[in-house]
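Chemist: All chains should be modelled from the sequences, with the hints used to inform the complete structure.
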Amino acid sequence: MIIPYLASLKDEAIKKDYTIIYDEFGNQSHAVNRSGHRYLLEDIHTSCSHIMEFATPDSEPVYIDFFKKCEEVIYQCLLRYIEKFPMLIPCLWWRTQGHIVAYSPGSSFGLHCDNDVNYKPGSIPDQQLAIRNVCGAILYFNDSVESNPNIDKYEYSGGNINFPYAGVRYAPKTGDVIMFPSNYLATHEVDPCVGGPRYGYVGYFAQGSSDIDRGINIRNKNEVMDSGQVWMPELFEDYVNYLNIKYTGVEGEHSELYRPTNRVSTSNNTTQEVIKAKAVHER
Amino acid sequence: MKDNNVDAVHLGNGVVLFPNALNMDWDWVRDTTSSLIASEWADMYTPGIDPETNEEIYVNKSGYFYNKESINLMPKRASQAHSNPNPEIIQWLKFMEDTKDKYLLKYLEIFPLAYKCVWWKVKGHFLEYNKDVYLGSHSDISADYIYGILEPKNQLALRNVVTNLVYLNDSVDSSEELDGSNFIGGSHFFNYFDIEYKPKKGDILMFPSNYMAAHEIKMVLEGKRYSYLGWYSQGTPNPAVHESVTDPIKDPVGAICDTNIYLPTLAEDFRNYLLSKGYDEHSDKFGITKSSY
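From first to last, the protein sequence lines are chains A and B. Residues 0 to 282 (numbering that gives the first Met the number 0) are what the first sequence spells out, left to right. Residues 0 to 292 (numbering that gives the first Met the number 0) are what the second sequence spells out, left to right.
Hints are computed from structural coordinates only; laboratory data are not their basis. Keep in mind that this is a model prediction, so the values were computed, not measured. No residue lacks a Cβ here, since even glycine has one placed at the ideal position from N, Cα and C. It is possible that part of the hints are untrue.
[To be verified] Covered, in the sense of this in silico footprint (three residues per stretch, anywhere, with C-beta under 8 Å from a C-beta of chain B), are these stretches of chain A:
#: 1; region: 86-92
#: 2; region: 106-114
#: 3; region: 123-135
#: 4; region: 183-197
#: 5; region: 205-217
#: 6; region: 223-232
Modeler: Here's what the structure looks like:
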């Protein structure tokens, strides 16, 4: 159901993905994608495309529900991921809801990490949302198979995601979720795809206050399914509940898992400010 | 003061040791560090009342609450050293900063993708761990946030990409080896990597600032442990949370005493470093420094 739906959105998405930039003589110079990364014109056709409008008010409810479910599944995976790396939880304030990444036949993605915004001295990017990413999740919608003759209707070969610094290679399988850090330690690339397209749903977990000028605008979660930034008010509670169910009555034996949730200090520069903030919150 | 120009030792997972990276007059370094820390200690904490428990507490400069017992169990810090007017201290700090920046290039040679996430640095500050002092597990990119209640005013840590440490004295194994300059215990343990590093003076350690490299400092059992801690970081400062970073080209004087400093020559320095190491200009490592695409 979902693959034909995504296929129907893909071509339109490619058009919206890039803005062509012209030089002073009016010639096409290069293209800039939505997150502000610059591309050579010839590279556009071998790069992945990003589908952002997949659950708009005009979309059929069945698709909107599907992507809401994707968000929920990734959130449940996050709780399990935190259990492996409990010191992650103090770094999780909000999430960037997912979008679809589509790799057409022949396209690939070179080495990059997920909190890099293509900075160089003297050229500071406007959009700096990615800098806030702490970890990311990808939910895969179709399978990578060993070789071309095995390619069935919705499959592809190639398209592995490789993490050279971590020494990890992964071949996507439908319904799998992978999670990894957004920093350089988890630098990764995607091998060229044969057949396909290859579809994944990508979301990020991040921290820091809103900074509208830099493209960071965090809101409360509502019914709108877009790729925006939403707070995660219940994360601590959900994680503790998850642990309580998994380790019924044995909290003492797993104190290292709970430790980052037992805050011993609070910070807001001065005691007075904390008192004020709490009074406002109680009202 | 001498940069020994040593090779990197990758301990795994982005944790890189430069053993015996630099030489200094260690007795002078310890004495000076100790007096810098003593001079800042007096105004390190502000007394107050915990709004939740009404107990007497102490608030540190970044807004964290401590009770009376725990302030003596925390490492003491000196973070104002860069505005110290003493020329000898200015020269010494410049040497340590310049040397660290050179070792950063060796770090980037191993992890070229980290290069794109280093815009500026938070210059080092000094830490003193006394007997019985330790620091629990934490990562270097978290701030104390509670949804709906506290959005911390100081979020600079969230910008950190690569943590760097210069060790100023030795950890030893037995009390027979104690000579007033060294200490027992105080190793640096990475919780998720199972890497335990035992400090040695002149060593530089660099590692990712994120949650994967969460770490703790084991208790110092005897003596005093000294180190110098800084970060390489990224992002345009957010005025809403009072962030500021000085550009040393626009403000060379401010760059001497300010703590957060842009690294405008990093691209050129990294490029020259790679050339000096004999890398082909067409190699992947160069690709990262070269173009805007």
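Chemist: Please go over all the hints and tell whether each is borne out by the structure.
Modeler: Each hint tested on the structure:
no.: 1; hint: 86-92; verdict: holds (count 5)
no.: 2; hint: 106-114; verdict: holds (count 4)
no.: 3; hint: 123-135; verdict: holds (count 6)
no.: 4; hint: 183-197; verdict: holds (count 3)
no.: 5; hint: 205-217; verdict: holds (count 6)
no.: 6; hint: 223-232; verdict: holds (count 3)
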